[in-house]
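Novice: One letter stands for each residue in the lines below.
Number of protein chains: 2
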Amino acid sequence: MTHPPARLQLRIHFGDAMFGPGKARLLELIRDHGSISAAGRAMDMSYKRAWGLVEEMNAAFHTPLVASARGGPGGGGATVTEAGLVALAHYRAIEAQATAAALPDITALQAMLKPG
Amino acid sequence: MTHPPARLQLRIHFGDAMFGPGKARLLELIRDHGSISAAGRAMDMSYKRAWGLVEEMNAAFHTPLVASARGGPGGGGATVTEAGLVALAHYRAIEAQATAAALPDITALQAMLKPG
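So the protein lines, in turn, are chains A and B.
Residues in the first sequence are numbered consecutively from 1, following our numbering.
Residues in the second sequence are numbered consecutively from 1, following our numbering.
Isolated chain A, as found in the complex (with noise of 0.2 angstroms):
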């Protein structure tokens, strides 16, 4: 009879940049396991796609978000710049604001579902 907690899902689009919870998800995991393979390989993403999404952040920032020695699938290592700390930081806190910010909202939305 109960809902399970209602999750907000937020990409933010600044024109054609666009920052959102894989990029979110895959800086934690490059600062955990100070590697883009290994990041990568926890979220069930290819090598390639990992690369990819780190290419595309380090290009529409001012300074790279993540600093790496391209190494191949077998590493290299990586670590999350302090300007990539800061990004992640501020996406952090825009989901837990506009949630906090919304919650009467969501409460009534959740409300008017069918228990899941």
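If you're looking for bench data, these hints aren't it; they were derived computationally from the structure.
This list has only true hints and no planted wrong ones.
Below, a list of computed lysine-lysine pairs in the DSBU-like style, where the Cα atoms sit at most 30 angstroms apart:
| id | chain 1 | residue 1 | chain 2 | residue 2 |
| --- | --- | --- | --- | --- |
| 1 | A | LYS114 | B | LYS48 |
| 2 | A | LYS23 | A | LYS48 |
| 3 | A | LYS23 | B | LYS23 |
So these bits of chain A aren't anywhere near chain B, every CB distance computed over 10 angstroms:
| id | residue |
| --- | --- |
| 4 | ASP32 |
| 5 | MET45 |
| 6 | ALA67 |
Which residues of chain B face chain A? A partial, calculated answer using Cβ under 7 angstroms:
| id | residue |
| --- | --- |
| 7 | ALA6 |
| 8 | HIS13 |
| 9 | PHE14 |
| 10 | ALA17 |
| 11 | HIS62 |
| 12 | GLN97 |
| 13 | ALA102 |
In this text, a Cβ means the ideal position worked out from N, Cα and C, and glycines have one as well.
Got chain A sorted already, so can you dock chain B onto it with the hints?
Specialist: Quick look at chain B alone, frame taken from chain A:
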């Protein structure tokens, strides 16, 4: 040198059910056109896909969001119910509140991007 305004795109997950920009836009277009097929066409969405989204919404909510006479691609006519208008209003309010609350962090993230 200036950025286009940032835009939040927001999906709300309620366990298995999801409400996001596609369903909100479809409801608005059904309201304006009085037809699921015309609304789908206005979104470059197939008739089958538009009907599928309507059936998904009607199944997920206590009260159907769209009332329609299934009339094939040619029509039959459809209206957004009172519950549908309320759900739509909640979604647009969630978007507006989320954007307003998160604006300082959205602006800070945008300032880190190269000009678009």
